[in-house]
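A.B. asks: The primary structure of each chain is shown beneath.
2 protein chains.
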Amino acid sequence: MNELSRTLKTDEITQLVLKKTLDIVCGKWRLYIIFQLTDQACRYGELRRRIPEVSEKVLVQELKELVALGVIEKTTYGETPPRVEYSLTERGRKVLPILLQLKTVGETFLEV
Amino acid sequence: MNELSRTLKTDEITQLVLKKTLDIVCGKWRLYIIFQLTDQACRYGELRRRIPEVSEKVLVQELKELVALGVIEKTTYGETPPRVEYSLTERGRKVLPILLQLKTVGETFLEV
DNA sequence: CCTTATACTAACCTTTTGGTGGGTAACCTA
DNA sequence: TAGGTTACCCACCAAAAGGTTAGTATAAGG
Numbered sequence: 169m170n171e172l173s174r175t176l177k178t179d180e181i182t183q184l185v186l187k188k189t190l191d192i193v194c195g196k197w198r199l200y201i202i203f204q205l206t207d208q209a210c211r212y213g214e215l216r217r218r219i220p221e222v223s224e225k226v227l228v229q230e231l232k233e234l235v236a237l238g239v240i241e242k243t244t245y246g247e248t249p250p251r252v253e254y255s256l257t258e259r260g261r262k263v264l265p266i267l268l269q270l271k272t273v274g275e276t277f278l279e280v
Numbered sequence: 169m170n171e172l173s174r175t176l177k178t179d180e181i182t183q184l185v186l187k188k189t190l191d192i193v194c195g196k197w198r199l200y201i202i203f204q205l206t207d208q209a210c211r212y213g214e215l216r217r218r219i220p221e222v223s224e225k226v227l228v229q230e231l232k233e234l235v236a237l238g239v240i241e242k243t244t245y246g247e248t249p250p251r252v253e254y255s256l257t258e259r260g261r262k263v264l265p266i267l268l269q270l271k272t273v274g275e276t277f278l279e280v
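Those sequence lines, one after another, are chains A and B.
Residues 169 to 280 in my numbering are what the first sequence lists, from first letter to last.
Residues 169 to 280 in my numbering are what the second sequence lists, from first letter to last.
Simulated from the structure, these hints should not be mistaken for lab results.
One or more hints might be untrue.
Same chains, same names: a pair is fine if it fits in one copy or spans any two.
[Said to hold, decoys possible] Each computed DSSO-like pair below joins lysine-lysine, with the alpha-carbon atoms no more than 30 Å apart: (1) Lys242 - Lys262; (2) Lys232 - Lys262; (3) Lys225 - Lys242.
It should be emphasised that the depicted structure is a prediction, and the values quoted were computed from it without experimental measurement.
All chains, full assembly: derive it from the sequences and hints.
C.D. replies: Structure follows, in structure tokens:
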């Protein structure tokens with residue numbers, strides 16, 4: 169019984185961990201956005217221009233979510249016209265190599 | 169113009185690659201299913217019992233999708249009651265280490 | 001004083017994903 | 001002959017994800 173409850177608990181933790189990962193990774197554009205910020209911070213408009221296929225609403229929404237998750241951070245300069253920059257957080261930079269490796273997964277399954 | 173079209177093409181390839189990756193990874197239960205097959209093949213019913221939270225329909229559906237993607241394979245033994253086993257394909261085993269690393273991502277963002 | 005630029009918000013709609021509750025075939029055992 | 005076991009299928013439904021279109025504040029530039 170004790171062992172069972174320990175097993176259950178481990179499963180629950182694994183599920184939590186995986187859920188968090190999926191929150192960060194899933195969503196059609198999240199990885200794409202993260203990869204755009206690999207080297208430097210990027211303004212909102214610049215992101216729009218670099219990923220023209222994503223709709224405005226979704227981009228804003230995804231950026232907000234990634235900020236809430238702690239993957240990226242937002243810096244607002246009180247200027248007009250407004251200037252806002254997005255960049256990776258420390259944690260974001262920490263996991264970036266793993267996320268970049270995910271390309272290998274896609275490549276492996278696209279090979280003939 | 170040549171450079172632009174080359175850039176566009178690269179972007180398209182990146183998008184294809186990422187899409188393929190997301191197909192494999194996303195979905196509430198896909199990673200979970202893949203991880204269950206790390207060491208040995210597993211029967212359908214065994215998977216059901218190991219992941220009780222997933223509904224029957226969704227499990228079947230996810231298994232089918234993973235087979236179609238080439239991540240896992242299905243072996244049917246013509247017995248009654250039926251026996252069906254799922255296991256990782258060669259490609260599946262190849263990318264498994266990368267997928268396992270994804271746990272690190274979740275852990276990083278769950279830390280206090 | 002009208003336009004332009006930037007970084008958004010809000011209302012609304014469609015598609016995709018995940019889930020429930022039933023049913024099925026085939027053989028074995030009691 | 002009734003019930004158990006296994007690995008599914010089908011019709012239907014709710015919620016989440018993704019997308020379109022229009023509108024906003026502010027200041028600088030012509």
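A.B. asks: Of the numbered hints stated earlier in the document, which are not met by this structure?
C.D. replies: Violated hints: none at all, because every hint is consistent with the structure.
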